[in-house]
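K.L.:
Each chain, letter by letter, is given below.
There are 4 protein chains.
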Amino acid sequence: MSSQSQIPVVVNGACGKMGREVVKVVAQAEDMTLVGAIDKDPASLGQDIGDVLGCGLLEVPVTNDLEATLVMAQGQGLSVMVDFTHPDTVYESVRAAIAYGVRPVVGTTGLSADQIQELAEFAEKASIGCLIIPNFSIGMVLLQQATLQAAQYFDHVEIIELHHNQKADAPSGTAIQTAQMLSELHKPFNPPEVDETEKLPGARGSTLADGVHIHSVRLPGLIAHQEVIFGAPGQLYTLRHDTSDRSSFMPGVLLAIRRILPLKSLIYGLDKIL
Amino acid sequence: MSSQSQIPVVVNGACGKMGREVVKVVAQAEDMTLVGAIDKDPASLGQDIGDVLGCGLLEVPVTNDLEATLVMAQGQGLSVMVDFTHPDTVYESVRAAIAYGVRPVVGTTGLSADQIQELAEFAEKASIGCLIIPNFSIGMVLLQQATLQAAQYFDHVEIIELHHNQKADAPSGTAIQTAQMLSELHKPFNPPEVDETEKLPGARGSTLADGVHIHSVRLPGLIAHQEVIFGAPGQLYTLRHDTSDRSSFMPGVLLAIRRILPLKSLIYGLDKIL
Amino acid sequence: MSSQSQIPVVVNGACGKMGREVVKVVAQAEDMTLVGAIDKDPASLGQDIGDVLGCGLLEVPVTNDLEATLVMAQGQGLSVMVDFTHPDTVYESVRAAIAYGVRPVVGTTGLSADQIQELAEFAEKASIGCLIIPNFSIGMVLLQQATLQAAQYFDHVEIIELHHNQKADAPSGTAIQTAQMLSELHKPFNPPEVDETEKLPGARGSTLADGVHIHSVRLPGLIAHQEVIFGAPGQLYTLRHDTSDRSSFMPGVLLAIRRILPLKSLIYGLDKIL
Amino acid sequence: MSSQSQIPVVVNGACGKMGREVVKVVAQAEDMTLVGAIDKDPASLGQDIGDVLGCGLLEVPVTNDLEATLVMAQGQGLSVMVDFTHPDTVYESVRAAIAYGVRPVVGTTGLSADQIQELAEFAEKASIGCLIIPNFSIGMVLLQQATLQAAQYFDHVEIIELHHNQKADAPSGTAIQTAQMLSELHKPFNPPEVDETEKLPGARGSTLADGVHIHSVRLPGLIAHQEVIFGAPGQLYTLRHDTSDRSSFMPGVLLAIRRILPLKSLIYGLDKIL
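Chains as they are written, first to last, in the numbering used here: chain A, 31 to 304; chain B, 31 to 304; chain C, 31 to 304; chain D, 31 to 304.
In isolation and in its complexed conformation, chain A is listed as follows (with noise of 0.2 Å):
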């Protein structure tokens, strides 16, 4: 494949958790090449990025230097730079990242609505494609659309999503927005048949405002999991998607990149370019 086929790639946060990860399709990625790895982690500052997550050479040294990474990879053509690095500090990155003309692809969390508001503006102005992915995983984007689209022939729903017991939250984010996604339907979900009565009080589970039920399993042995169910007499329609490692992510991740490129301003979800 001609180097002019190549996206360069940076990831900002290349040593994090999630940064390994993209590291590692990028490379292996045939339309791709790693041109860059930003990362604040002293201890591997300098080191091949590849030796430093142990999957052998990759010819790109771990540096911190944001401005200069920019400058290089906006240097050799339509180039990307992946974001997974820390609330406090993606603001400034996503928005260098435009000025240099390098499009951002983020997946850090925790910009505010404002800060997208002015992300979106300068993007615009730029003309230049900025992706913001609160979730990577097109598995669940799948799901979600499937349940939009099941939700307009049946009345009654309710979600089972189902976490390991160390996560403190419940319901689940991402069970919250499949339910306002519902929600926004306008639609009366779930009409009661009979009068409830809750012998043990939660039995039912929580309720959004439009009628839908989410309950909330914990249990050591599960990892990520999420059950729409659909029902109407005499049958049952059921959407499911179980997460057993980030790599689930990645596929994701590549697509952000591929799909940034012709775009000219700021998006937000991964269901807006599936």
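Don't take each hint at face value.
Where chains are identical, the list cannot tell them apart; a pair therefore holds if satisfied intra-copy or between any two copies.
Calculated pairs, DSSO-like style, for lysine-lysine (alpha carbon to alpha carbon, straight line, at most 27 Å) [what the hints assert, rightly or not]:
(1) Lys54 <-> Lys217
(2) Lys217 <-> Lys197
(3) Lys47 <-> Lys302
(4) Lys155 <-> Lys302
Note that these hints are calculated values from the structure, not bench results.
Following the hints, put chains B, C and D in place on chain A, whose structure we already have.
P.N.:
Frame of chain A, contents of chains B, C and D only:
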């Protein structure tokens, strides 16, 4: 098969939903003979019970004379009366059966603890078996036994029960019973690893004293389902029972009819004869 | 509701298993009026179809005169004939309905490709809608649509279908159809990562040309279930449909009755009108 | 806890995948003391095993001197050697442990029936416990025990096992073992109700002699899962085990270490000590 080895069976409540199923399976069982069909339904009185059920002539007319039927059954050897009638009359019927020497297999609910105690004493005195079986589902008893066995090795467990949305109570009686069986092990289940926060109240379901969570799902299309999920680091062990039809209770009824013959006293619960 | 907004509906095969369900839901639908009940069953002829079904008087006698019923229905406005009859007669019935200006919604199976082609031409000439629907399950169509959507992003997929043990054929027609829909994407599914060895023949199930495995489970207690499982590193995405009762097909029948009115030609498959 | 109540434990194969996990849980167990870490890995020799594993100093250096370690362990009281090494050397190691009076808990596979017989005689003579455990998963043993219990009451059963697509063999060893346990009941499972036709070969899975079907699903994203489904009219009873991590085997290892102390002979299989 010679008639000596046949068990004479009377069905009390023969025209009810459960009674009809019992009549059919008793009539087909090679080791049983249907000798009596008792019901108060005036429309069926005097008709052949096989005609009433639309399953071909059985040469047993529907009668409302309990005593005469018991006398006749007793005359045919070690006989059994299956009772699926009504809470108001079940005590008297069972007492009569014991008095006339016909062994009662009782599926009717509603007997008080006092009444059961009195029947136990009466059966003891008469030295005759009596089975009171609140749930004839062999599958559910197996699930509960396997649950107790697993609970010796797992410290974390949750219950999900799923029923049609015309069920008013939550959790189901069987789910509560299963949780109580776990509670009786006096083991602190589900010791928390983090401080849990319910962002929406009820998300984590209901709990009994010893920490077993029960989640109740209600949807049209569901029938009657229960899942017990055990979790430990790196593994899950799940037991699930699905009921789709009351025919599922018939193997338990046939088992009870066969197991009652050698008994000399009252026994409560299908688990005791499995 | 004024009679103008009511859709006059004839049910052909009104005393059959599916026909009975259709009669009941049409009679209850606020925007439909049952105007004809056709059946060849001599025992029901001339009786009120509501009496035959035991659901209360409907003031529609069972008749075996198809033509007279079609003429009558056509006189009442834009009318529809739902056909659940027999492969031997369905072609003639549908042709007659089109000829008399009554829109056919056809659930009867057994029409040949040639016959469907001829009916399509006939409907086109008459400028009248005709719906041929081999599977009225909206849930299953949703599952198949979501399957095709997911197949764009996942390379690995297997199908498990589970049916009662009185089903003679394996795999089920719907599972084969689902696999064929995947085959038509001309994507090499399930590229092998290792040399597979079947220690017991058949372990890996059946396969269509493009590598989609289908596994068929047959057990009493099962009714009709299908599961499509997509896998990728670190994640699974599972779509499952459970049917427990033929009432599950009725929303699809009602939808077809409503959607056929504006049509001017033959359409095949529920997915086309969803 | 006083040192008398501590069980001295040697891990043979301490730097292997399973050995590492064993070292960690033994070090954390309140009633055990890690006294020896044997491995042939030259890179680790002489280093503290805690440092090798990155879990903090354990003050036990890695050694390749089996005999010296056994002598030392035996000197500390009723001691145990856990062996996760290699089929080529396991026989000699276990024989040595017995000879030196250290109880072997053997997870290494590959011992022949003859070798196991010889070890049994040797342990008997030495009057010392020896546990050979092909599968340390307590959850899977519980599933198999519950399967045998259910098989007394259900005549229909199928097995679905699901593994990642890098597993070359199908069905899995555990699924075959489960089916064999059912076969040993000499019960004709799954008596056919209809003449089955496989429209696609392999659809109905593989079968052992007594009619138990096994279906093997292989997908990335799966780890190791087994489902046993029992069916009867109107009901299903399903047992499922999911393994996501080898940490799931550690409770079985700890149990074996505790249960071996009072034993005087060789025992095969975790089920025997549960």
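K.L.:
State for each hint whether it applies.
P.N.:
Structure-based check of all given hints:
no.: 1; hint: Lys54 <-> Lys217; result: between (44 Å within a copy, 26 Å between copies)
no.: 2; hint: Lys217 <-> Lys197; result: between (31 Å within a copy, 23 Å between copies)
no.: 3; hint: Lys47 <-> Lys302; result: within (26 Å within a copy, 42 Å between copies)
no.: 4; hint: Lys155 <-> Lys302; result: within (21 Å within a copy, 43 Å between copies)
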